[in-house]
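Peer 1: Quick note, the sequences are listed as chains A and B, same order. So the first sequence is numbered by our numbering: it starts at 1 and just counts up by one. So the second sequence is numbered by our numbering: it starts at 1 and just counts up by one.
Hints are computed from structural coordinates only; laboratory data are not their basis. Each hint should be verified, as a subset may be incorrect.
Okay, derived cross-link-like pairs now, DSS-like style, lysine-lysine, Cα gap no bigger than 25 Å in a straight line [stated by the list, open to error]: (1) B/84 - A/208; (2) A/222 - B/43; (3) A/222 - B/80; (4) B/84 - A/222; (5) B/79 - A/222.
Residues of chain B clear of chain A, computed beta-carbon distances all greater than 10 Å [said to hold, decoys possible]: (6) 24; (7) 30; (8) 45; (9) 54; (10) 75; (11) 133; (12) 274.
Cβ atoms here follow ideal geometry from the backbone N, Cα and C, with glycine treated the same way.
One-letter residues, chain by chain:
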Amino acid sequence: MNKSLAICLRDVLKFSRQPALIISTVVGPLLTLILLGSAFGGAITHAPIAIVRESNGVYSSNFIGILQNEQSCEIGGTNCQNAFQLIDVPDLGTAQQMLHEGLVKGIVHIPLGFDDSLSAHSKVIVTVTLDNTDPLSTAAIGSEVTQAGQQLSSLIQTSPADNSNMTFDLENAYRNVLYIEFMAPGTFVQSIMFVSIIAGGVQLVVDKERGIIEGYLVTPLKKHEIVLGVLLAGVIKSLIAAVALFVLAIILTGIRPMSIFPTPNPLAIGLTIFTLVLTSLGLISMMTAYAVRSTSADLYRVTSFPINLTLYYTSGAIYPLDGMPTWMKQISVINPETYAVHALRLLMYKSAGLQAVAGDFAFLGLFTGVMLVLAIIAFRRGL
Amino acid sequence: MFGLLGPNGAGKTTLQRMLVTVLAPTSGTATVAGFDILREPDKVRERIGVVTQASTLDIELTALENMNLYGMYYGIPRKKRQEKISELLKVVGLADRAKIPVAGYSGGMKRRLEIVRALVHDPEVLFLDEPTTGLDPQARAAVLEYVKRIHEDHGITLIVTTHYLDEAENLCDRLAIIDHAKIVAEGTPTELKRKISGGDIIEADFSNLPAAALNAIEKANFVLGVKKRDAGLTILVKNGAEAVPKLVTIVDSNGGKLRTMTLRELTLDDVFLEVTGRSLRE
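Pulled out of the complex, with its shape left as it was, chain A reads as follows:
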């Protein structure tokens, strides 16, 4: 028994001398609790909705007022906020284009004659078009709009016999997208992040630890040549990983990106690949900038784990950004994965064009540039 105690003591002592390891056993699960809990517990708020108003009158104004004040509350809690952020759009065509480019999550179409019909105590039909490539938002928005309509109906019904009311025609703009399909783009981005962590700049840290880096340093290689070389290798490795995952996900989970099924859209596929390349450039530059000053590969790995979790959970990969608390939204604004996930969803499930993802590309490009310069500056050409 004493001998077993000796073995036990050895393990405990060694564990106690590695603070990074101890911290990581707590930090990872804690981050998961905070980030995942906050993301999934939140209600969809401030969802951007296009209002196409073809009828001007007191009823339609009332209806819009109700929509504006509609509250959405967190699951099981009392924290409520405005459910929608209403955007006035002049015509249906523009609204549909905005929906396609992901600028709005839904369209509420108040038809011509809305006010006249209601004042004549007859029925009206309001068409609500939903961006169902985001299944969680779709469900929430559909029920909130219906609630607002019921509220208006109960206000304008003067007697129980009054049958003036609104019915809603809820339309899905695209074919049904399953939650697993919604989640898939974030997973591709995460595979790129994994490669960035384990195969990006860390090679430099490992080479430093093993003394191999001295072999490069005595050659005329310039520091930007070394950093760019590492970056390029990382992009190749992460692209292989992301594409392999893409194919396996299609085979194993049955996801069916609209850009490929039933008819492939070459532009959307090309832009998807470009997004993956740009994302890996950005993430690998970031991790290389971090790695070039790390002195221990172990410490680097332990600390990059929480970075990975934070970026993944705040990117909107698993839950719509509209449902996140403000502090998480603030992180998501500067999180490169947010833009990658956003672009991939638009391309994969809507076959959206370049215009829709140009903003994402601009952010990713800028981010990559800054991180690359940072990595080159931080890299020390010496022992």
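Given the coordinates of chain A, work out where chain B should sit on it, guided by the hints.
Peer 2: Just chain B, lined up with the frame of chain A:
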């Protein structure tokens, strides 16, 4: 060929790292192959080859791949690179094993590969830090043989760091002995030996050595120095052949009794002991 000699921790490797531009000196500078290591490190890097103490080979890759990548680091055109590589691999007898991963190589093979890898770009100066440490005597001899041949065939300046005295003595034209980060002696091996006044060494063991006998030995005019060892004395004398009979007489006449006596030439080990006060192998 220039040798840097010194005990562990003397600063040999640090000096080499500064000369090959991977470590910045805290003060001062140096010129390698005609260029300043601080002001024009890239020009220095183009003109030197370096074999570090710890292996910097990529062991997952083959010898050919290791060499080829190095050639690319120096921007050597493909055709010239391939010719040079196959020539160099032949020189060190690795041509038939050029296509297997280096992980499967013996220590001696790895070291030979590292040495020729540092020659891919025809450097003017080749730095070798402890090229034979950790090798068995046979592998050591082979590596030294190749180093010698490279020096003779290519006329490259070689700077070898070592703590093996025989290696330094056999290979190097000039030597510097470093201790506590300072050069304590410098010159050709012969000059260095002459520095301790020339002469020979007599190692004598006694079964009985009275104080009077020791006193008489120390005072004899042909004796330059005496050091005590476990069982006897190390005596530095002017002329060994003449000193031996004289020494026997002195010991006998003072009631001492000799067990053995060996006459040998001065080695660098003696020089080393003299200038650093400690043995290399300590």
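Peer 1: All the hints need checking, so say for each whether the structure fits it.
Peer 2: Here's how the hints hold up against the structure:
| no. | hint | result |
| --- | --- | --- |
| 1 | B/84 - A/208 | violated (29 Å) |
| 2 | A/222 - B/43 | holds (12 Å) |
| 3 | A/222 - B/80 | holds (22 Å) |
| 4 | B/84 - A/222 | holds (24 Å) |
| 5 | B/79 - A/222 | holds (24 Å) |
| 6 | 24 | violated (6 Å) |
| 7 | 30 | holds (15 Å) |
| 8 | 45 | violated (4 Å) |
| 9 | 54 | violated (4 Å) |
| 10 | 75 | violated (8 Å) |
| 11 | 133 | holds (14 Å) |
| 12 | 274 | holds (34 Å) |
The structure fails to meet hints 1, 6, 8, 9, 10 from the earlier list, while all remaining hints are met.
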